[in-house]
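S.K.: Residue numbers (the numbering used here), protein chains in the order written: chain S, 1 to 684; chain B, 1 to 124.
A couple of the hints might just be wrong.
[Claimed, not checked] Simulated DEER-style distance windows between Cβ atoms: (1) B:E55 with S:L294: 53 to 59 Å; (2) B:E116 with S:K539: 53 to 59 Å; (3) B:E116 with S:K253: 17 to 23 Å; (4) S:Q171 with B:A122: 48 to 54 Å; (5) S:A411 with B:A122: 54 to 60 Å; (6) S:M179 with B:A122: 29 to 35 Å; (7) B:A122 with S:N604: 23 to 29 Å.
By construction, these hints were calculated from the structure, which means they are not laboratory data. Note that this is a predicted model, so its numbers are computed, not measured. Glycine is no exception: its CB is placed at the ideal position from the N, C-alpha and C atoms.
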Amino acid sequence: MSHPTLEEKLAALKVSAPSAYERACADSLRPGDYEIGVQRTADILDEGYEIFMRSSRSSMGVAGDSIVAIFNAAGDLVNASAGTYLHAVIPPIVIKYILSRHSKNPGINDGDIWYTNDALYGGIHNPDQVAIMPVFFEGELVAWTAALSHTTETGAVEPGGMPLAATARFQEGMNLPPMRVGTDFQINTDVLEMFAAFGIRAEANVTVDMRARATTADRVRVRLLEMIAREGKDFVVGLMRRMLDEAEAGARKRIAHWPDGTYRTVTFSDAAGLAPGLIRNCAMTMIKKGDHLLFDFTGTSPETPSSYNAHPQAVIGHMANYIYEYVFHDLPVSSATFEPIDFVFPPNSILSPDARAATSCSVMAATGAMSAVANCISRARFGSDEWKQVAASQGNGGNAIVLAGVSQWGANFADMIAYPINTEGQGARATSDGMDAYGFPWCAFGRAPDVESMENEFPMLIPFSSHWKDSGGHGKHRGGVGTAQLWVTHHVPMLFQMAIADNSVIQTPQPLFGGYAPPTVPGIRLDGIDVAEAMASAKTGTLTLEALLRGEFGGTVVSGPYGSAVHPVPGGQSIIVGLSTGGTGYGDPLARDPASVAADVTKNLVSVHVARDIYGVAIDPVSGRVDDEATRASRESMIAARLERGRPYEEFEADWSQRKPPEEILEFFGSWPDGSVVTPLIRM
Amino acid sequence: MPRLHVGEYLDADLDTERWHCHECGHDFGPLRSDYKRGLLVAERDPREVHPPVLEGAYTFAPNGDWIRIVEFYCPGCGRQVETEYLPPGHPLTQDTALDVDAIMARLASGAVRIDEHGKLEATR
Numbered sequence: 001m002s003h004p005t006l007e008e009k010l011a012a013l014k015v016s017a018p019s020a021y022e023r024a025c026a027d028s029l030r031p032g033d034y035e036i037g038v039q040r041t042a043d044i045l046d047e048g049y050e051i052f053m054r055s056s057r058s059s060m061g062v063a064g065d066s067i068v069a070i071f072n073a074a075g076d077l078v079n080a081s082a083g084t085y086l087h088a089v090i091p092p093i094v095i096k097y098i099l100s101r102h103s104k105n106p107g108i109n110d111g112d113i114w115y116t117n118d119a120l121y122g123g124i125h126n127p128d129q130v131a132i133m134p135v136f137f138e139g140e141l142v143a144w145t146a147a148l149s150h151t152t153e154t155g156a157v158e159p160g161g162m163p164l165a166a167t168a169r170f171q172e173g174m175n176l177p178p179m180r181v182g183t184d185f186q187i188n189t190d191v192l193e194m195f196a197a198f199g200i201r202a203e204a205n206v207t208v209d210m211r212a213r214a215t216t217a218d219r220v221r222v223r224l225l226e227m228i229a230r231e232g233k234d235f236v237v238g239l240m241r242r243m244l245d246e247a248e249a250g251a252r253k254r255i256a257h258w259p260d261g262t263y264r265t266v267t268f269s270d271a272a273g274l275a276p277g278l279i280r281n282c283a284m285t286m287i288k289k290g291d292h293l294l295f296d297f298t299g300t301s302p303e304t305p306s307s308y309n310a311h312p313q314a315v316i317g318h319m320a321n322y323i324y325e326y327v328f329h330d331l332p333v334s335s336a337t338f339e340p341i342d343f344v345f346p347p348n349s350i351l352s353p354d355a356r357a358a359t360s361c362s363v364m365a366a367t368g369a370m371s372a373v374a375n376c377i378s379r380a381r382f383g384s385d386e387w388k389q390v391a392a393s394q395g396n397g398g399n400a401i402v403l404a405g406v407s408q409w410g411a412n413f414a415d416m417i418a419y420p421i422n423t424e425g426q427g428a429r430a431t432s433d434g435m436d437a438y439g440f441p442w443c444a445f446g447r448a449p450d451v452e453s454m455e456n457e458f459p460m461l462i463p464f465s466s467h468w469k470d471s472g473g474h475g476k477h478r479g480g481v482g483t484a485q486l487w488v489t490h491h492v493p494m495l496f497q498m499a500i501a502d503n504s505v506i507q508t509p510q511p512l513f514g515g516y517a518p519p520t521v522p523g524i525r526l527d528g529i530d531v532a533e534a535m536a537s538a539k540t541g542t543l544t545l546e547a548l549l550r551g552e553f554g555g556t557v558v559s560g561p562y563g564s565a566v567h568p569v570p571g572g573q574s575i576i577v578g579l580s581t582g583g584t585g586y587g588d589p590l591a592r593d594p595a596s597v598a599a600d601v602t603k604n605l606v607s608v609h610v611a612r613d614i615y616g617v618a619i620d621p622v623s624g625r626v627d628d629e630a631t632r633a634s635r636e637s638m639i640a641a642r643l644e645r646g647r648p649y650e651e652f653e654a655d656w657s658q659r660k661p662p663e664e665i666l667e668f669f670g671s672w673p674d675g676s677v678v679t680p681l682i683r684m
Numbered sequence: 001m002p003r004l005h006v007g008e009y010l011d012a013d014l015d016t017e018r019w020h021c022h023e024c025g026h027d028f029g030p031l032r033s034d035y036k037r038g039l040l041v042a043e044r045d046p047r048e049v050h051p052p053v054l055e056g057a058y059t060f061a062p063n064g065d066w067i068r069i070v071e072f073y074c075p076g077c078g079r080q081v082e083t084e085y086l087p088p089g090h091p092l093t094q095d096t097a098l099d100v101d102a103i104m105a106r107l108a109s110g111a112v113r114i115d116e117h118g119k120l121e122a123t124r
């Protein structure tokens, strides 16, 4: 077995040295060639992205949680269309592995279709799968193309591709190292059958998604060849190298004028799969020196005996979500933008587990890194003239509901529903609030499907989906609110549901500059409620989450962790409450414009008691207007209370440092407070 | 030279090597030390900030046995400079430690300057 080592993976993220031929081609580009060429690659990729969404079957693919990419012959990423930047970083690891291990046997040929979904070899987690095609021109390998997306079934011990019950990779279903699955531009039928067998719970999702990836990679390949036929091979080879050069220069220039220093954030989570426990899911130290960044994860808790672990490149992929959305948004999605960035991962941590570890829920393990990188870079960037682009972390909940069973159309299905995860609130920004229900932190360009589309696709009724009041982190600038939705089994007697989640006991992201984090996300079910009767009796605007939780429409409210094992949900008598988390807050809530608080109350985004108790804003209950005098007095009183209860740092720390969380929640934390491995995990 | 505005409520005076409140100018201490040491600190039960909506253990409020909200205030004006969600007893985080010498060297070289908003900007 020769899966790549951590050192090999990190080295593969770096751009390959240019050959003399590549350098000569890059130098021969004429004025304007580069700008036009970049746009042409972007157009090709955008076409591929559109084809990908229209060809996919899983709801994640349909929602656009995917990426389409072009690489040079050495496997360096030169540009991509997203979708989710999560996938942008990793294909170079896979392509360079194929080049180094399989060039002679079985060989790399025109018409090959390569494929992998194994995080041990460079992936994110095994639902995330990639088809890769070499691009040959006149017998010479000149480039690669790839299409990556998330398919919600892998044949694991539970449906949905992200088994909560898995304790080792052996329970995660299909894990394919990089392998050739097609020749002569055709997927091999024996391999396709293997996919169907692994995906027997949702065969159409698995096989159609696989074909969609290959179709998309091939379309981009064809368009690249057309570009070569039109402009010449030298042009395309030179363009790709120049794109790498420009991306690296742009990244270094951006980093260079942030204040040099060391920036730190710690984040926590509350579960390893279904087992509750406190985990320091990221201890991030970011050292910024000149035009270079070093991210050191020393102090992160040990790997867990669950599927909540992430291999290092998956962690870096999660950081790329933030980095490309906020920092390098105007640079090509390219290996070269990561050239000035290095990483230190402590072995046997939740962010660098053993080869046998289950990692199918790596997205839950990596939420800490995704939040921490936003916090660290925002702190560094705020001292530069880019400060207006600083933002508090997204909520990064990613709480995912998985449904499985037989649909109203008689088809087997198992799918992660895209709507809840695509309607989270954005983190508050330096000059404005976060956007409400902005999208999916993993995929800023994903689309929340229409309710009608979901009801057509799944045997579900969705009585409402609305903004979730008070879900945004409080602050001078408020985190965007997420959404609440009701899900009711419909048209069929029952189906199966599970949920992949944490953040029901504590929230992971840290706020910024005196703001607050969003609230926790409980799992709520309403049992014994006649849904048809409730809907019939409701008047316009009265069927709300608050009213349901107050019992105004009958039934019993059952709350617990949002994450849940597979269980049946009968039709018509039970409501699942889907919740999409809000973003974190920015700045002191007492510095928020009172008129903005009143507007939030009017729009049902913030409660009157939160306006009063957190923002210190008094609102006239009749007019809805701010009482300026009462607000001024309230805020003065709240500031006086701070100065009264606040203690000098040393005095506070002397008492604080003597305390410790309850022993029973520290099983997964590691040693207290260092987070070091106490008992090594042994997986059989 | 102008103070460097490094946080919403945090200034770094590179001449005197002192931290200051951006709102009221209060002195938070030496620049080569953690600015939080110059702030007032208080611990909040998370339920005070995130009111429970439901009965039981899962209520929309973080569990106070697991996590506390640590708030840092300016002693001069009471501005809430920072907040951290930390398990009880967890070490407080030094979130920003400027490399003063490196910044001064880059300023001296002319590669960057501090603009009228107190922000570093590249000069070339």
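S.K.: Against each hint, give a clear statement of whether it holds in the structure.
M.R.: Results for each hint:
1. B:E55 with S:L294: 53 to 59 Å: violated, 47 Å
2. B:E116 with S:K539: 53 to 59 Å: Between E116 of chain B and K539 of chain S, where Cβ atoms are some 56 Å apart, the hint holds.
3. B:E116 with S:K253: 17 to 23 Å: holds, 22 Å
4. S:Q171 with B:A122: 48 to 54 Å: Cβ of Q171 of chain S to Cβ of A122 of chain B: about 52 Å, so the range 48 to 54 Å holds.
5. S:A411 with B:A122: 54 to 60 Å: Holds: the Cβ-Cβ distance is about 57 Å, inside 54 to 60 Å.
6. S:M179 with B:A122: 29 to 35 Å: Since M179 of chain S and A122 of chain B have Cβ atoms about 47 Å apart, the given range 29 to 35 Å is violated.
7. B:A122 with S:N604: 23 to 29 Å: Given a distance of about 45 Å, which is not inside 23 to 29 Å, the answer is violated.
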